[in-house]
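Student: Whenever a hint applies, use it, and build me the whole structure from the sequences.
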Amino acid sequence: MLMLSHVACAYGAEPVLNDVSFELERAHIGCILGPSGCGKTTLLRCIAGFERVTRGEIVAAGVSLSSADRHVPAEQRRIGMVFQDYALLPHLTAMKNVEFGLRGMPSADRKARAMQFLEQVGLKDFARRFPHELSGGQQQRVAIARAMAPRPDLLLMDEPFSNLDAGLRQSLGQEMRELLKSLGATALIATHDHHDAFSMADDAGVLHHGRLLQWDTSYRLYHRPADRFVADFVGKGVWMPGRVSAADTVEIETGSATGSMTASFPVGAEVDLLLRPDDVVHDDDSPLTAEVVQKLFKGSEFLYELRLPSGARLLSSVPSHHNHAVGESIGIRLETAHMVVFPRLDPHPSPIRG
Amino acid sequence: MQLADAARSGRPSRAGAAGPGLIVWLVALVAALPLLVALSSFFSASEGVWPHLARYVLPEALVNTVWLVAGVALCTAILGVSLAWFVASCEFPGRRFFNWALLLPMAMPGYVLGFAFAALFEFTGPVQGAWRDLFGAARFPDLGPRGASVATLSLVLYPYVYLIVREAFASQGIRGMEVARGFGYPPVQAFFKVSLPMARPWLVAGLSLAVMECLADFGTVKLFNYTTFTTAIYRAWYGLFSLQSALQLSLVLVGLVLTALLLERRFRGKSRYTPPGNTRQRRIALPPGKAAAVTFYCTAILVIAFGLPVSLIVVWSLENFAAEFDTGYWQLAANTLMLSTGAALMITTVAILLSVTVRRAPSSVNRSLSRIATLGYAIPGTVLAVGFFVPVAWLSRVLNQYLGSETGHVVALQSGLAVIFLAYLARYLAVAHGPVESALQRIRPDVEEAARGMGVSGLRLLGRVHLPILRPAIFTALLLVFVDIMKELPITLMTRPFGWDTLAVKVFQLTTEGEWHRAALPALAIVVVGLLPVILLSRQRR
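Those protein sequences? They're chains A and B, same order as listed.
If you read the first sequence in this note's numbering, its first letter stands for residue 145, the second for the next number, and so on.
If you read the second sequence in this note's numbering, its first letter stands for residue 74, the second for the next number, and so on.
Hints listed in this document are in silico derivations from the structure and should not be mistaken for laboratory results.
A virtual CB, placed ideally from N, CA and C, is assigned to each residue, including glycine.
Check before you lean on any hint, since a few could be wrong.
[Claimed, not checked] Distance condition first, Cα-Cα at most 35 Å in a straight line; then the derived DSBU-like pairs of lysine-lysine:
1) A:K240 to B:K266
2) A:K268 to A:K325
3) B:K363 to A:K240
[Claimed, not checked] Which stretches of chain A does chain B cover? Using the computed rule of at least three CB atoms under 8 Å from a CB of chain B, they are:
4) 208–219
5) 231–241
Tutor: Quick look at the structure:
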């Protein structure tokens, strides 16, 4: 449905996107992950037709939309866009905003369709409100209804949940996925939060300094990252230095870690092993202990930061009935089914991130 | 707590409040007086010439004024909106220059631009000469008085719309346009569906300023012999010597002004729209052909409204300098300077006193009074001239009845500076009040409370706290009023003391005699000084 091959874009002399290629199937939901400033907004704007590409090609539904010498204007692309700031038109009511997108339809059909979509996002009773009379979440849902009502070939969403609190974020993410799926819509979402990708996307990619580092399922992004940055950006973790002792074993200071590795290394190779919080399991019977340095209550679980006798740090995700005080030593065990392993980086990266 | 209470209760002592409170009442009364006087004419008996005026002048003035306002509103809207849109939202060669340069025509009084056009297009002028060379005896497409008045006033008044609407477009960003284009609206349709409706409150505000100025204009329409209310009032007084009729005409004109004000309220809409989302300044990159067309359009407007007339005036001034410039000009300049400076000082002082007083005692009565006091800006100068002349003359008569017979002196307040200064005060108080008031609002109340806590109050508080902080705003106020009064025509013309000709009056006298070239020198002086506030304005907005 959407295909980008070797797309590059620059603002003046400053390159913003570099050699971006990926493909999104019809009725799939894709997700572009990346920190702010990585170029994800620009990528969406290129696809929508608000920016020109300097190299490469964008093809949607078999039609070439953008290349170095071709640029179909935004108004001819039939691509819906939900802007990060929603961009509701302030002089129109919620209803009129949705109707705005339904250009060229008979008035009665237009009203019916607009109402149908407002209902779908749960804002039937707010149709006559002006944007400034709506909360942030409501505004966002109007923006989504507006973008979806014309049933565009492709829907682009720029940080659709950025202004929402975590709880709403997750529930809306799932609702949104159901809505998109029920309409059979193809959508591409830009976000800095991998939870959005996990809750919504079929495929996802990590964009860093204008380059797409990996395009894959979100499961594989987490467990099989192709790049250190991807590994760091998608989920939390700690890098432990180690040495490969077998095809499925890495020796680190706490002992042997066993599991399938992201890449094959010769025995004896110096590597860094990424330990995710869920790789470090709390076990009172384990001879291996570590001291609780910090704890973060996350509801169903605690995220503990632990210090090993050597001074190295670990993160551990522990069910929240195991409430331990800072300073206490607890038993831990490694459960590393999937091992994210990269060649040793020198100097060793900072121990804790996320 | 107790200390704070004590400080608070010690603030406006009753004895002290009466003095400042009186100022607010007085200033409001000054602004309301001409309106009350005009209103009183409705109830008093008409003089002999009124039936004549009512039958022949009133309908013509009404029709002409309505046409003028409609024409100027339409043209300033088109010019102001298009220029503002290009400068705020598009990228084209020269954009940064036009951003401020398009404000320049503001420095041109309508009567100066008008006579430059008149000289260019008159039968013996260069344009018609060239026309005859090219087309022989074919009739020259003449705009006529109505067209000429509309064109001239539109070219000097569009900057009001441009200035305010540009702000709207700039703060909107082009996000709204992107939304529309994403839904398949072509750019032009997107502009009319989204950008323009979003700028409506600003457009209405800018248009109402232009319309007020247009209703108040006297010099331009007089120049083209286009009878509107302002010129009809002038003629009733100076041609037919019927003050009563002048007042009655004023009343109708005030009615028109109030209608315009009410229409503004009606159309401005309730909400001040906040722009949709983030307003990163990104402009539409126009393709080269269109960009060149936009540059050409902006250049053309600037040349017609400013470049060409100023060049003409400069050339004529140089040609006539030796013949024209004599000691008489020093007298004119001195008169102009004294009137403008004196009035600017007085008006700014009143503005400061008014703002500070209302700030100290912000009761709803005081706030309404201060609104009334600044309403005079909407009232045309001709109305103010008549409206003050009549009561002051009446007061003189009364004084003469009681005093004159005994002392042998004849009091004639109306022939002194009283009328002209009162009229200036009413008309330009708002101009000085604006910057002072907004600067005052930026002073946090704790500053004053802190000063009072240290025992500084009353006039010392004003002198040691307010004035130093307000200095830039006071300078702005003085400059704006000074320049406005220097350019001002009807009040000065109608109520100046005998012999007090100013540069503006001189331009008026010379142009009514068709002496275009000789009028260039005083006009040039006015335009040069008039540039000062434009420069100030463009620097503030940068």
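Student: Against this structure, judge whether each hint is valid.
Tutor: Against the structure, the hints:
1. Proposed proximity of K240 (chain A) and K266 (chain B) is supported: the alpha carbons are some 12 Å apart, at most 35 Å.
2. Annotation: proposed proximity of K268 (chain A) to K325 (chain A) holds, straight-line Cα distance about 21 Å (limit 35 Å).
3. Annotation: proposed proximity of K363 (chain B) to K240 (chain A) holds, straight-line Cα distance about 32 Å (limit 35 Å).
4. Counting residues of the region 208–219 of chain A whose C-beta sits closer than 8 Å to any C-beta of chain B gives 3, which meets the bar of three, so the coverage hint holds.
5. For the region 231–241 of chain A, the proposed coverage by chain B is satisfied: 5 residues have a C-beta within less than 8 Å of a C-beta in that chain, meeting the threshold of three.
No hint from the list above goes unmet by this structure.
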